[in-house]
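**Student:** I would like the entire structure built from these sequences, with the hints used as guidance.
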Amino acid sequence: MLSLRRTAPAEKRPMPLPLWVRGDTNAFFGLGVNVLVNVLTLTGLCLGVLKIPADDVFHTILPALGIALIAGNIYYAYLGRRLALREGRQDVTAMPYGPSVPHMFIVVFVIMLPIYLKTKDPLLAWKAGIAWAFIIGVIVIIGAFIGPYIRRYAPRAALLGTLAGISVSFISMRPAGQMWDNLWIALPVFLLLLIGLMTDLKLPGNIPIGLAALLVGTAIGWAGGAMDGSAISAAADDITFALPGLHLGTLFSGLSDVAPLLATAIPLGVYNFTEGMSNVESAAAAGDNYNLRSVLLADGAGAVIGSALGSPFPPAVYVGHPGWKKAGGRTGYSLATGAVIALMCFLGMFSLLGAIFPVAAIVPILLYIGLLIGAQAFQLSPKAHAAAVVAALVPNLASWAVGQIDNALAAAGTSATKVGEAGLESSGVVYHGLMVLGQGAILAGLILGALVAFVIDKRFVPAAGVALAGAALSFIGLIHAPKIDWNASGSVSLGYLFAAVLCGAFALTRPAPREPDAEELALERLHGGGSSAAAAPEPQDEQGPDPVPETVPAGAGAAVLPDEATETAEPDKSAATD
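Residue 2 is where the sequence shown starts when you use the working numbering, and the numbers rise one by one after that.
Derived by calculation from the structure, the hints in this document are not laboratory data.
Keep in mind that the hints are not guaranteed to be accurate.
What the hints assert, rightly or not - Pair ranges (Cβ atoms, derived):
#1 N488 <-> D201: 42 to 48 Å
#2 G404 <-> T510: 39 to 45 Å
#3 T510 <-> P19: 56 to 62 Å
#4 G49 <-> L20: 38 to 44 Å
#5 L184 <-> Y150: 44 to 50 Å
Said to hold, decoys possible - In the DMTMM-like style, the derived pairs of lysine to aspartate or glutamate whose C-alpha atoms are separated by at most 20 Å in a straight line are:
#6 K459 <-> D518
#7 K121 <-> D201
#8 K384 <-> E521
#9 K484 <-> D407
#10 K459 <-> E521
#11 K121 <-> D258
#12 K119 <-> D258
#13 K327 <-> D201
#14 K384 <-> E520
#15 K484 <-> D258
#16 K52 <-> D201
#17 K52 <-> D238
#18 K459 <-> E516
#19 K52 <-> D122
#20 K384 <-> D239
#21 K384 <-> D518
#22 K419 <-> D407
#23 K121 <-> D56
For glycine and all other residues, C-beta sits at the position ideal for the given N, C-alpha and C.
**Tutor:** Put into structure tokens, the structure is as follows:
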């Protein structure tokens, strides 16, 4: 008698998701060097500018930063792996994370240095710094609940343009100058990075390009006499293992005089979550659509945790996700960067590393990131919005230029106030206008870029709304003003109001909105977003199938398109074989 047996359905095997692929090595050396440069810089600022005792720097500040960095990088690696499993992909790249570069200089020169110069007490300055970092973290956490709505409706050109402005000015210009100081070291390193990361050429034996570039630059520097061997033995004396403890008493002492800190903490907290939005948008454009709220909550928590442990330097998601994705990085590079940099912080090794590696061998990676992010803003925005990208760049360029003018005047023993605006303008320096334009640069760039994009699309109702937002933000001092105040920048606010009225008048004529061309539609299909793309809701925190996207009016910010949200991406076979 024939017996029929029911065959049990085959169990669905989980997708293999390796902890490390070959591309992680390249991305690790790239991001690791980037973070290394920044921690070396903030160590020098603490010791050389603020005169904080070395014992406090190496036993408290750096270990506290190390805890925040390892916690953040573990979390972002987790987010990356969760996204990869949810979407069935092996090519998801974790968000890069490290100490925030703009805040690093602002907390030193705007918050801590004036207190030190007034009191000659570096520990009092340090208290103010960690209180300021704590406030920054709280503001970013609040921003996590409003940022997703801004991202959903802002044109991609505005979001990516502001990020490009940071990349070109604050990320690329100083490294470029440092490179040309010693181009005989830096240019070979830079070319190796370009060849290895922007072409399909490989080094013999598949040697990681980041490691090869660093070793070549270091060898050239030492062979050419640019380094001092005696500095290594002196720096080795600083190595000692230390873990941080809670410094809540120091934090609360700094918070006791919180009012002066709010003037910079509020706009810079807004800057932080605005930059976070741009970075998440940049990652989405590169194919990794992270939940913005999860990212901003982690950024805010990192600043709060670091400040409670004694660090005045808020960490943040970095510019550059597309660069590390192009380098082949997945999630392992994030874990490795956090672990290695944290260990160096615990051991106080940064003086030693600064004595071993020439600066000119390290900084070319920052110029590479600047090039990539600047290019991405144009490549992944509609061609018609190219002017909006440039408009979003401008406030950051103005902010950078004012910083250079101020630093040059300070080096000459004077200031813009002493020289006077008339004196500066007689020499062709439009100081006041640049200063006003560059204050609150990230938020100002977002407003200006969105305004230009909506006008180009002949969508005058949202353009009027953006202009009104610019008027309100100027009036309370979040943009185009040195501090938060009532009627902080009345004339600028009036200009935005006139622009809103003008846009409203054109809206009454009911012009037909600009129609996207075929190339723009193809761009939207590949990456989502653009001025006429249908945008999806913010990715969900929970694991499981992605929700069915809703559509929003044309001009919305970037996100996945409906067909991208419902299809399962084919795993990246190259990543699986590495």
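**Student:** Which numbered conditions among the earlier hints are violated in the structure presented, ordered from lowest to highest?
**Tutor:** 1, 7, 16, 20
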